[in-house]
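There are 2 protein chains.
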Amino acid sequence: MDHSASSVHERRRVKRLPREVRERQILDAAVRVFSDHGYHNASMDEISEVAGVSKPMIYAYLGSKEDLFAACIHREATQLLEAVAAGVRTELPADMQLWHGLGAFFEYVGAHRESWRVLHRQAISQGGPFSEELLDMRRQAISLVDTLLVRVATKEGLDRGATESLAAALVGAAESLADWWLDNPDVPSRAVASRLMNLAWIGFGGLVEGNTWHPSED
Amino acid sequence: MDHSASSVHERRRVKRLPREVRERQILDAAVRVFSDHGYHNASMDEISEVAGVSKPMIYAYLGSKEDLFAACIHREATQLLEAVAAGVRTELPADMQLWHGLGAFFEYVGAHRESWRVLHRQAISQGGPFSEELLDMRRQAISLVDTLLVRVATKEGLDRGATESLAAALVGAAESLADWWLDNPDVPSRAVASRLMNLAWIGFGGLVEGNTWHPSED
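Protein chains in written order, with my numbering: chain A, 565 to 782; chain B, 565 to 782.
Next comes chain A alone, as it looks inside the complex (with noise of 0.2 Å):
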């Protein structure tokens, strides 16, 4: 082993960054620019320009501008999910931990309201393996509702059958919530959870009671 070119190769380490931070601010640079421009228009300069990094290393590590957009959706959505199942608590009543899932969705979309652009608005607009991506994550958030209304109607008198459905509609609406907020950037997160904490759960809550709603006609 020729050792002077190996202590060359050590001393080039040292002056690199882990790749993963690299990676980190490619993305976070990459999440930036589609957010402001949209994915047609987001140039891989700018995007290097933003992350300090060289365009060569952003295809290295990451591919092209398709790749780097789908890394971006899928670190988005992984965080999103993360942040909404940490801030459920089991062990509080149902409507508590109802209540720390939408509040942990809202402060998350909140503080990164170019995430949720990119995330939700982009990826639907340009479709394909990038919409597939979006609607995973909505599969896996109706999932996580679902397991916390499964959890209600064991002990209460909810549908067990209907669970599903109204964790689809439950996501459906946060999700369109988000997408109204983008519009509306000056409600106060707190203030657009609580919203729809009311709007569900004083409907889940007549349903936990046994309450429901017929038409008075027919």
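Because the hints were derived from the structure by calculation, they are not lab data. Check the hints yourself; a few may be wrong.
Identical copies look the same in the list; a pair holds intra-copy or inter-copy alike.
Stated by the list, open to error - With a straight-line Cα cutoff of 20 Å, these simulated SDA-like cross-link-like pairs (lysine to any residue) come out: (1) K619 to G692; (2) K629 to G691; (3) K629 to G692; (4) K619 to A675; (5) K619 to A635; (6) K619 to E696; (7) K619 to T642; (8) K629 to R653; (9) K619 to D631; (10) K629 to D609.
Since chain A is already given, all that's left is putting chain B on it; use the hints.
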């Protein structure tokens, strides 16, 4: 004017179906084929065969496959919104208005599952102008529900500033529940509508009565 040429023209016109009938046949066939195979795998040959209309006539009337897909989405979105708007009966109490609106939505989706699959899933998975059409439909649906909630808010205690966000939540809930329904088609349309009505109205009902939920801990 050449009389004989004119009568040949007349005879040909009598044999021909009116353009709007042909266009309807083509669009009906296209929705079916797009729904069955997805946008990419759908072929103009199959659409032509199902419609009983020659390919050159399809191109002449409705343009390329992309144009045809856009025309499908536009038509299905318009018909769905019209069906829902027709379901709302402003002379009834607010809960009954909402019930009829939700009922009309799920009845339409149940009776036109192919339309809904194309409109919702495939428009999202294609992205671009198709998802624009979908977002536009969503905006119109939110505005429709908001109008209903504003009427309620004027009379009752519902926070006037919150109606649009609650409308966005409700539209998202309906959309996501209808998406869930594509994978769970055995649930009858009335049962799906009733689940969302229970979730939404016992919730909205509580809000109208001035009830609000507060977290018990902070």
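How the hints compare with the structure:
With identical chains, the CA atoms of K619 and G692 are never at most 20 Å apart, being 25 Å at best within one copy and 27 Å at best between copies. For the identical chains of this complex, K629 and G691 are neighbours both inside a copy (15 Å) and across copies (17 Å), given an alpha-carbon limit of 20 Å. Taking the closest pair of Cα atoms, K629 and G692 come within 20 Å of each other both inside a single copy (15 Å) and across two copies (17 Å). Taking the shortest alpha-carbon separations for K619 and A675, neither the intra-copy value of 28 Å nor the inter-copy value of 52 Å comes in at or below 20 Å.
Taking identical chains as interchangeable, the C-alpha atoms of K619 and A635 lie at most 20 Å apart only when both belong to the same chain, with a minimum of 16 Å there against 41 Å between chains. Proximity of K619 to E696 under the C-alpha cut-off of 20 Å is found in neither arrangement, the shortest distances being 27 Å within a copy and 32 Å between copies. When the C-alpha separation of K619 and T642 is checked against a cutoff of 20 Å, the pair qualifies neither within a copy, at 26 Å, nor between copies, at 45 Å. In this assembly of identical chains, the alpha carbons of K629 and R653 never lie at most 20 Å apart, being 38 Å within a copy and 50 Å across copies at closest.
For the homomeric pair K619 and D631, the shortest alpha-carbon distance inside one copy (14 Å) is at most 20 Å, but the shortest distance between copies (37 Å) is not. Taking the closest pair of Cα atoms, K629 and D609 come within 20 Å of each other only inside a single copy of the chain (11 Å); across copies the shortest separation is 35 Å, beyond that limit.
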